[in-house]
Amino acid sequence: MNAQELRKAAKEVLPSVDVVIGQRAGFDPLHAEPCFATKPEDVDDFIASPLCVHNLASYLPSLKGKKVAVVVKGCDSRTVVQFLEEGLIKRENVTVIGVPCSGIISVKKVLERVSHEPIQSISFDNETVTVKTNKREEKIPLLEVAPGKCTTCQYPNPLIFDVLVGQKLEPRGSAEAVYDDIREFETKSLEERKEYWEKTLGRCIRCYACRNACPLCVCQESCIAETRDPHWMSQKDDPKEKMTFHMIHAIHLAGRCTECGECERVCPMDIPLGQLKKKINMGMKELYDYVPGINPEEKPPMYVFKVEEDKIEEHELS
Amino acid sequence: MTDKGYLPQDKWEPFIESLSNDFRVYAPCEEDGVITFQVLEKGKKVDLSRPSTSAPKGVMFPQSERLFSFDFKKAPESPDKMAVELDASTNMPETVIIGARPCDAKGFLTYDRVYLEVDPYYRERREKTTVVGFCCNGPFAGCFCTSAGGGLAEKEGSDLFVTEVDNGYFLEAITEKGKKLLGRPMVEDGASHADAASKKQEQASKALQKVIPGDPEPRISREAFESDAFWDEVSAKCLSCGVCTYLCPTCYCFNITDEARLEGGERVRSWDACMFHHFTLEASGHNPRGRKAMRLKQRVGHKFLYYVDKYGTIACSGCGRCIRHCPVSVEISGIVARLTEGAQEDQKAAEARS
Amino acid sequence: MKVGVFICHCGNNIAGTVDVARVAEETRKIPGVAYAINYMYTCSEPGQDQIKDAIKKYDLDRIVVAACSPRMHELTFRRTVEKAGLNRYYFEMANIREHCSWIGEDRELNTNKAMEAVRAAVAKVMQDKPLYSSSFAVNKRVLVIGGGVAGMQAALDCADGGHEVVLVEKSPSVGGMMARLDKTFPTIDCSICILGPKMVDVAQHDLIKLYAYSEVEEVKGYVGNYQIKIRKKATYVDWTKCTGCGECMEKCPSKDAYDSFNFGVAPTKAINIPFPQAIPKKAKIDPTYCRQFTKGKCGVCAKICPTKAINYEMEDEIVTEEVGAIVVASGYGLLDIEKMGEYGGGRYPDVITAIQYERLLNASGPTSGHIVRPSDHEEPKTVVFVSCCGSRDKSIGVPYCSNFCCMYIAKQAILTKDHMPDSQSYVFYMDIRSPGKGYDEFTRRAQEEYGTKYIRGRVSRIFPKGKKMVVRGADTLLGTTVEIEADLVVLANAVTAAPGAPQLAEKLHISYDTNAFYVESHPKLRPVETNTSGVFLAGCAQGPKDIPASVGQGSAAAAKVLSMLSKDFLENDPAIAQVNQNACVGCLKCVKTCPFQAIVEEELRGGKVVAKVIQTVCAGCGVCTSTCPCGAIQLQHFTDNQLLAEVNALCLS
Amino acid sequence: MPELAGKELRIVGFLCNWCSYGGADTAGVGRFKQPTDLRIIRVPCSGRIDPLFVVKALINGADGVLVSGCHPRDCHYSDGNYYARRRLEMLKQFLPFMGIDGKRFHYTWVSASEGQRWQKVVTDFTRQVHGIGPLHEKKEAAK
Amino acid sequence: MADKDYAYYPGCSLEGTGSAYDASIRLVMQALGVEVKEPHDWSCCGSTPAHAVDHLLAGALAARNLVLVQKMGLKGVSAPCPSCFSALKTAHYRMAKSKAFKDEVNELLDVPYEGTVDVRSTLQFIYENIGVEEVARPVKLALPNMKVAPYYGCILNRPPEIAQFDDPENPVSMDNLISAVGVEVVDYAFKMECCGAAFGVPRKDMVNKLTHKVLSMAIEAGANCIAVACPLCQQNLDLRQAQVNAAMGSSFNIPVLYFSQIMGLTYGFTPKELGIDKGVVDPGNLIETGPIVPKEVEKPKKTKAAAKEAS
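Chains as they are written, first to last, in our numbering: chain A, 1 to 318; chain B, 1 to 354; chain C, 1 to 653; chain D, 1 to 143; chain E, 1 to 311.
Hints in this document: simulated from the structure, not taken from any laboratory.
Everything numeric in this text was worked out from a predicted model, so none of it was measured.
Just so you know, not all the hints are guaranteed correct.
Here are the simulated SDA-like pairs of lysine to any residue, each with C-alpha atoms no more than 20 Å apart in a straight line [said to hold, decoys possible]:
hint : chain 1 : residue 1 : chain 2 : residue 2
1    : A       : Lys236    : B       : Lys74
2    : A       : Lys311    : D       : Lys33
3    : C       : Lys229    : C       : Ala302
4    : A       : Lys194    : D       : Lys7
5    : A       : Lys64     : C       : Leu588
Examples of chain D residues lying across from chain A (beta carbon under 7 Å, computed) [unchecked claim]:
hint : residue
6    : Gly30
7    : Arg31
8    : Phe32
9    : Pro51
10   : Ile59
11   : Met90
12   : Phe97
13   : His130
14   : Ile132
15   : His136
The C-beta atom is built at its ideal place from N, Cα and C for all residues, glycine as well.
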């Protein structure tokens, strides 16, 4: 990724849009943050590196009515495609600046790798990360400190773009391997799975970061986790309510989640929330041969049907 | 009874364990890489190596609590008459919080000013809880306690203050409640370690430079604060989630709901957050703080203006959690710093005039 | 909130296995229940009065009746509470009969189950909201689909009642199956002679607009306000010019076209008028046989036509009609006899279907009423009729009786003797089903006066032997197998649903059974209504039936239409979806899933986009409600909170 | 009021009004005996059944949930059951991932005329749920 | 194509009286380039006697063989003998229909049958999996003298819900196969009338009557040869022809060949190789081959014609 090229492209686009959304350096060496550029000098702050973890496409629906240019990685571009599938954005209002991506960092993994020592600096070279803390310097292969989605990334290149910055890349790992983690989890017994989710979801503080960061959570301010009419959930700090909330989130994303991983990234309690949606996605692929965010002409499977479903069989009672 | 104690390294864990016999002990424990304050039980390990993800505020101000339960009662002979039975009994155990950071401990003072007088639930918990503060060794990403009138060795808010020295722990009673703990078994006399501890504390205090001007606390400019353009700009990336407020050791907003079944139910007080759309949503559908810019402004304004107006001090202890854990790195210290620049100039101008 | 609960004994039906007194006692303990009582027959007049009195006396504002299925008496009790001044939706039923007392044997378990059913109903009724219908204007025009005898009857009755009728007929002429018949049983009167005048009436009625050779393409709208798209299929003849003189048919050089009116008994011309009495009597080109289409040159008809009506460039045309009610009289089809391989139909020319035989018997048919074998055009002396060809045979998917074959076989046997006095007819049958007026006498006449030999048994195989067809079957009365050497074999092939029946049903949103016959609203009490209001059934589309029954049903459907159209306004069911504009985020997923296109996009002042329900189109299924992620669109009377109240009442303990 | 301790489990049924509720009525009219565990909630169409109702029931106290609608092609609202089928199948696959036995949830199609089929569905499903046992700790039968 | 990868279950008849059937099938397969894979250690299918005594054991006997195929990892199995086919397919069908029956049968087996094996008659296999087009390809010679009446017997395609092949009342598969190799076929009505089957021993009179009918209808239709796909049919029609003549006063002398023998002849195999000499009625000059005379290819007969427009 080359920041110069990106800035150049963004500057070219800027005059024709209201805002260009990119990423710039954040409050510490480990963080980048979204940057809403309206002036050419704002664009000069843009960076392009594995620190750019944000799925900037998430902001698009909230900017309805504006002309927006957005910088997306391959995975983020699926969000854009999904928006188009669902009619949540108008294509003509969005300029997509695509950046092929060889992986991003997981802040949590980097910190764990250096025992949470305060970071002095971080740099990237050829998919190697060099981290300096006040005590040491460590060189780490990028994919070792990348989020799970990067290690099996099938879409390193944006699937939709108006401008492409950088060279296209090859998918990482086989398409089959994408769901290996889900399959492995499913080798556990029902009891183990239940315990696992009770433990991890038990940490949830209902801050709704997962929901608010989720690009496909269309309801946002009308989310039924908080409404009284309908009154699906109480406000009690209760494991059942937490389980209910996260199942609602997952079910509402059935056939829609583009696996950008934002829910997991933003969770302060480090709950592996992406797994729930990934599991459902796996079913969507098997049942309806559908992968979200690939083809803007497709219709998400929960809003269509076939009179004769190819893969759904009647369940027998034993 | 002395007000200084010492625990050698090898007595530290047994000491905490022994506390568990008489108190409900909350301590920072690690699970799946996340440190939260949890009730100490067998198998849980105290982890003081870095600040916890969430503040210990839930101990004093639970995420949700039953204020009372209500039951509808009927006499069989007159089914059309119904009585309501309320039960507001509480049963709060004596509690100790171990390992609160100076910023965490100081946070409780923010609550005290608001709740101690008027809220029996809070008061009972507060009275039954002893806070054992822990001197920080150094700052972490986002920390800005020194800019919020505190410091890495700030003792205000702690009942007992712990400093790591000489292969052990120096214990300093700040209040009577803290003193009581010094009388427990295993605690040795700490007088001989006092010097080393104060040296350590002094060192810690200097480890973090101020990032926001203002002494001891920042004061922000009303004029700058009222600029819509400013809030639009800084909130553009904000997701309007509750990470900042729910991890914050000083945020204290709540919601009250009745969670009812056919036969009765509970009135529940639960955390709420000014960053949520629902927080100010009115029944009509109108929302006075309908945009996230307004909500971020409220959050900063509450902490650095309105609270100051009412209680004379800011409602922020600079723990940095809201920065560290913000999904999009909204940096409250940076926002406040920008708002104080105007204040500085205001002040200078005022001085010049006089 | 003051809920009144009435627990019905239903005589011993409920009280026999449910301790109703205990249910009442426990119900009184439920908060919000101000009154609960058990009673012998709550649906009886005194039972209903009891509800009305209690509403007044105890100031009740919501009512629960625990009794039979709401499918039985919900409407009864809704009216009761309404008469007592409550909104009819402040009412719930707990089904403690069909779902409880009748199916459980243990009194204790049944009683507990009944108590819980009441509890759930109380929880729901406490969430109920008053709902009010709105009324809308009715378009008083009528669409009749199918111009057979049932459809014509319905169309004439509606038109005589003063309403404009749009009659759509798939084939080039009205008349349907009846127009093909020679005589009708049991009177042996000429079919076309009695049908012809009706056909003329249809053609000449000022209020009937006939679309022949047309099909319903699309149905939109709802009861009282349907928009119908009709496809007028290309005839390649301008019917406004065609006088039906028939010269084109005379001169047409393409002589081997399939004659669907005559079921292929003989070929016809590529341009033809289906039969002399056709209404409209207009010519039509069959492009699969016309040389102009197949070879690209000919043009004989165009040259010869005195009115220059021929237009080879004609295309299908779509017209739109607006109507308020629809009568579906789309008729029936016949089983493909090749499905019965053992009978050799389709392989052996002298094995024919009964309707083909009907055309052979008919004086205006291709043989001018002379019965001849298709193979050699000789007069058959021995004719074997095989009844139940496919009917009542599960293995080929026709488990039902085709209703009228027994009768027409008797008729055809009689006519055979009339035509050829020296002939001998045999009938293989399973049972003789002749339950109509004068019917049994008729079948007896066939046997006794006309000497038809009835053999009770099934035919196992038909095979050729020289010029003869050997019909081998069982004679179950004699207990042997018999073989009859016949000159001609007539198969009474089963009546099936009309081809395309399911597709038409899907356009109309009506349901059809496993055999693709349309399903009436109630098999006894609502025989011509469908579950889609405004759509009515007549004739064989609903199931096999003979002419008098079809005509009767045509009139019955017309009566239903007329009674509906006697009102200027209709009221809608208020239990439909409603959008909370504050909560709606405008994602419009509900628009995508609504089966009725009842939801549209609406822009509010200020530019916010939300979903909007067209009240009269919404059918109240609730698919939108379960699609909406934020609960902003709620199906009234089945809202999330109302259903959650039931779930919570049953689950939370 | 909980189920009778020891004898019953808590099974909630969501039935569409036009087919399955009618089928259950038909079973009743025919006096086809069934286990008593099931509690029926009537909805207009299986398409009305948000999978979340099933989740809510299973998390909050039900040991089993049965959903039944019109057979495909027979929906009174023409398409409702097709959507239901997709949603419920999704849920059926998802539940075990969360550690909830998929056998606690069953969805099927029963027409208004299929009283005997309804009897079999209820009987078999109740047996299936009993085979797995309770999902929640049972409290004492109150009142 | 994987579809052709089926096991071949010869069954006991084909090792005995039907050895010519076996030989001819193997040669035909060879010509068609299809490998014959015989399951190792196959056992009796159970035939008629087993299910007459015990359905469960009959099922197990057949299922044992299906398990062998399952172990071979093949999609299905073809059996030339209709009785074998019927026994195997019935066992498969019953196990698929009833879980209880499946469990009971599997209880008896060492390795449980998973219900995945597709059972076909070899006729069906050749007709559907190889297809008439492929079948026509190896043809080298014509049989100008032969007019064949195909005879299907009772169980090749019946009962239809189990056999699931061809029209149960008017089968055409063998007709089409024989036409495909260029041999003339005659249509007649008795192609699936019963030949008497195993009643040849206890009720000779009945078999005589039945066989007489079949033979006379075929001859009346103009046939000079009968084609079969069943060793027992072959036996009844061929071996008993003299017996029928004696009892019924007829003078039939019509050879009865396996359809595979006829195919084999056109492929250029010798009568000896194909075991035609093992038949009782001498085919004489019927099996004389000649060069292929090109003629217009007849379209295969339709099993079920499309329904004509009803109105």
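Problem - Holds or violated: Lys311 (chain A) to Lys33 (chain D), with C-alpha atoms at most 20 Å apart - result: 34 Å, violated
Practice task
Could you check if Pro51 (chain D) really has its C-beta closer than 7 Å to a C-beta on chain A?
Solution key: 6 Å, holds
Exercise for the section: Hold the hint about Ile132 (chain D) up to the distance rule: shortest CB distance to chain A must be less than 7 Å. Expected result: Because about 10 Å separates Ile132 (chain D) from the closest Cβ in chain A, which is outside the 7 Å limit, the hint is violated.
Problem - Hint validity - Phe97 (chain D) Cβ closer than 7 Å to any chain A Cβ - result: Hint holds; Phe97 (chain D) Cβ to chain A Cβ min 5 Å, cut 7 Å.
Handout entry: Interface restraint verdict for His130 (chain D) against chain A (beta-carbon cut-off 7 Å)
Key = 12 Å, violated
Practice task
Take a quick look at whether Lys64 (chain A) and Leu588 (chain C) sit within 20 Å of each other, Cα to Cα.
Solution key: Holds, at roughly 15 Å.
Problem - Residue hint Gly30 (chain D), partner chain A, criterion CB-CB below 7 Å - result: Gly30 (chain D) check fails; min Cβ-Cβ to chain A is 20 Å, beyond 7 Å.
Practice task
With a cut-off of 20 Å on the C-alpha distance, tell me whether Lys229 (chain C) and Ala302 (chain C) pass.
Solution key: 30 Å, violated
Exercise for the section: Double-check Arg31 (chain D) for me: the hint is only fine if its C-beta lies closer than 7 Å to a C-beta in chain A. Expected result: Violated: closest Cβ of chain A sits about 22 Å from Arg31 (chain D), beyond 7 Å.
Handout entry: Holds or violated: Lys194 (chain A) to Lys7 (chain D), with C-alpha atoms at most 20 Å apart
Key = 26 Å, violated
Exercise for the section: Let me know if the C-beta of His136 (chain D) comes in closer than 7 Å to any C-beta of chain A, holds or violated. Expected result: Given a least distance of 10 Å, the restraint on His136 (chain D) is violated.
Problem - Holds or violated: Lys236 (chain A) to Lys74 (chain B), with C-alpha atoms at most 20 Å apart - result: Cα-Cα ~27 Å, so violated.
Violation of the numbered hints given earlier is confined to hints 1, 2, 3, 4, 6, 7, 8, 13, 14 and 15; the remaining hints are satisfied by the structure.
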